[in-house]
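Asks: Below, each chain spelled out in residue letters.
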Amino acid sequence: MNAVVCVKQVPDTETLIKLNAEGTEIATEGVKWILNPYDEYAVEEAVQQKEKAGDGSVTLVTLGPDRALEALRSGLAVGADTAVHINDAAFAEKTDPYATAVALAAAVKELEYDMIFCGKQAMEDDAGQVASILGELLELPVVTVVVKLEVSDDKKTAIVTREIEGGHAVIEVPLPAVFTAQKGLNNPRYASLPGIMKAKKKPVTVKTVADLGVSAEPMTVVKSMSLPPDRQAGKMIEGDDAAAKAIALAKALHEEAKII
Amino acid sequence: MPEILVYAEVQKGEIKKGAFEIASKAKALGGQVSACIIGKDVEGLAGQLGKFGADKIYVVDGPEFENYSTEPFVQALAHVAGLVNPSIIFLSASAQGKDLTPAVAARLKVGSISDCVDLTLDGDKVTAKRPMYAGKAYAMVEANGTPQVLSIRPNSFGVEEIAGAGAVEKVDVSLDESKIKTVVKSVEVAASEAPDQTEAEIIVSGGRGIDGAENFKLLEDLVRALGPNATIGASRAAVDAEWIDHGYQIGQTGKTVSPNLYIAAGISGAIQHLAGITTSKVIVAIDKDPEAPIFSKADYGIVGDLFEVLPKLTEEVKKIKG
Ligand SMILES: Cc1cc2nc3c(=O)[nH]c(=O)nc-3n(C[C@H](O)[C@H](O)[C@H](O)COP(=O)(O)OP(=O)(O)OC[C@H]3O[C@@H](n4cnc5c(N)ncnc54)[C@H](O)[C@@H]3O)c2cc1C
Ligand SMILES: Nc1ncnc2c1ncn2[C@@H]1O[C@H](COP(=O)(O)O)[C@@H](O)[C@H]1O
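Line by line, the protein sequences are chains G and U.
Just so you know, we're using the numbering used here here: the first sequence kicks off at 1 and counts up by one.
Just so you know, we're using the numbering used here here: the second sequence kicks off at 1 and counts up by one.
No lab work stands behind these hints, which were simulated from the structure alone.
Think about it this way: if two alpha-carbon atoms lie no more than 25 Å apart in a straight line, the pair counts; the simulated BS3-like pairs of lysine-lysine are: (1) G:K156 x U:K185; (2) G:K251 x U:K312; (3) G:K109 x U:K179; (4) U:K281 x G:K258; (5) U:K281 x G:K251; (6) U:K181 x G:K156; (7) U:K288 x G:K251; (8) G:K155 x U:K181; (9) U:K56 x U:K17; (10) G:K109 x U:K181; (11) G:K235 x U:K288; (12) G:K258 x U:K318; (13) G:K235 x U:K318; (14) U:K255 x G:K148; (15) G:K32 x U:K255; (16) G:K18 x U:K281.
Only part of the chain G face toward chain U is listed, based on derived beta-carbon distances under 8 Å: (17) D96; (18) A127; (19) E136; (20) T144; (21) I164; (22) G167; (23) A169; (24) I171; (25) K183; (26) S226; (27) G234; (28) K235; (29) A252; (30) A257; (31) I259.
All C-beta atoms, glycine included, are put in the ideal place defined by N, C-alpha and C.
Excised from the complex, chain G in its bound form (with noise of 0.2 Å):
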């Protein structure tokens, strides 16, 4: 069972997200890098399959800068085999789901996978795009927000729990195919020392655009960016006790919110 994983590096979820000075992308210095959390699963789960089937090997593949090796060696640690990093000038400025999308198809293609499997979204675009871009160029069907996975004995469909709206859609589905995984589908493996060792080790392959014969070209071009206004502490709700303050917390929302 072969598995290629894309994986990015994002700035750890606790970042306190600031602007550099022209306001056009967010400021780097100080941020920690780390695996997307969503990418996590998607190994995670690539790993299992690979372990359950017996044989295989899970291939990562990252488009990003120098930096982004980090990640790569992240999920090497936790069971991924060999690594696919595309880093090129090209992307350093302005990329977006399209042309990461064409970057990590043609990087694909040269790959062999019954599975292809990509994170809900990235925790920093949020976009929620490339897998199903990267399932139109490869023409393979694509499920998104998987949190249950089991591939048949013949190996040749998976059956897959989907979260919809308001419950669960289960699919069956002919491999190889695009996932995206959703926080549930597994529990993330932490990394081990020897793990963490051998990672340093395994291969990785850096690629160009050149290399990749695709073009850079994004479809969605980020303009300027700002941040939210600060929300401000409001109003303590004070009382002789929890009684009498949900009464004047209730009367805050009816009267001065006018929300109830």
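Add chain U with the ligands to chain G, keeping to what the hints say.
Replies: Same frame as chain G, now just chain U with the ligands:
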């Protein structure tokens, strides 16, 4: 005047409110608006869209569209887009919209902009404001290709009824079966009438302070008192404790919401939780710890035991709603 095509999602036999929001917005932007509705036995619903600005409503109706499945819906919507030739396509960023938007855009060989919360129009070119980093920043984004495909976060725009009546046209789509590889085996949706968190006007969320699955009943009572547009939410701590399903989680690894009223009970206000609620109009925090960070973002705060505050609050709300 740009031609705007609005995809109107149907759920449980009704057009979703998000569809009326995006149709209203398309009209308000000064567009020539058409709508597309896809499903089984949906023809009778189509006319409603006229009241929200659609001059023409394309209906794709058939048993093969009974359950949502990406590929058939992509084909149907792309087909209608081919008829309308719009410069802009709007979808609602509901669960279905999030799946359909990038797929249909990719089929039309363009990029898309997801989860937009504001839009401006310059000629035929739309610029969208969208949150990134789970709402910790906003980006102004432009799409280069045509059509410009955008998904729009529910509750971002109001619904504006007008005296219009759109012309309904039935469209036959012959599906390319060779491309339809997935089979929907079953669909399980809770019988609950409550709106999805992303669309609810009021959310009452519980965190670790709720201290057990059985105590979510306190939140349910309050939700019921607040009316049909209210629903339950939860922090990750409550979800991880398995008191409630992940579908209820609010925050960075859950849903990002913008209700009119967000009530957090027993939720400390971790940055990942706050990221999901910053666009709420009014935030209320109920926590026994006066130092809880949630208070620094709340419009109204009560320091107190939620087990005492919530039942009383429910009682008061019932009186007001009387
Ligand atoms: C990658 C990543 C993603 C994450 N994504 C999310 C996310 O999407 N959503 C999310 O919520 N979290 C998320 N988290 C987790 C987040 O960091 C916090 O751990 C979590 O939000 C804490 O939940 P809580 O506020 O319910 O629990 P706590 O922080 O334990 O707070 C419980 C609060 O309840 C109060 N309390 C206790 N008993 C009572 C009582 N009887 N009456 C009144 N108050 C009481 C306490 O004073 C306390 O303030 C994420 C973390 C990571 C690392
Ligand atoms: N630069 C990238 N390199 C590799 N994978 C990516 C990249 N960007 C996005 N992805 C994958 O696509 C998923 C969704 O990303 P997005 O569409 O940007 O929200 C991520 O969780 C990754 O699995």
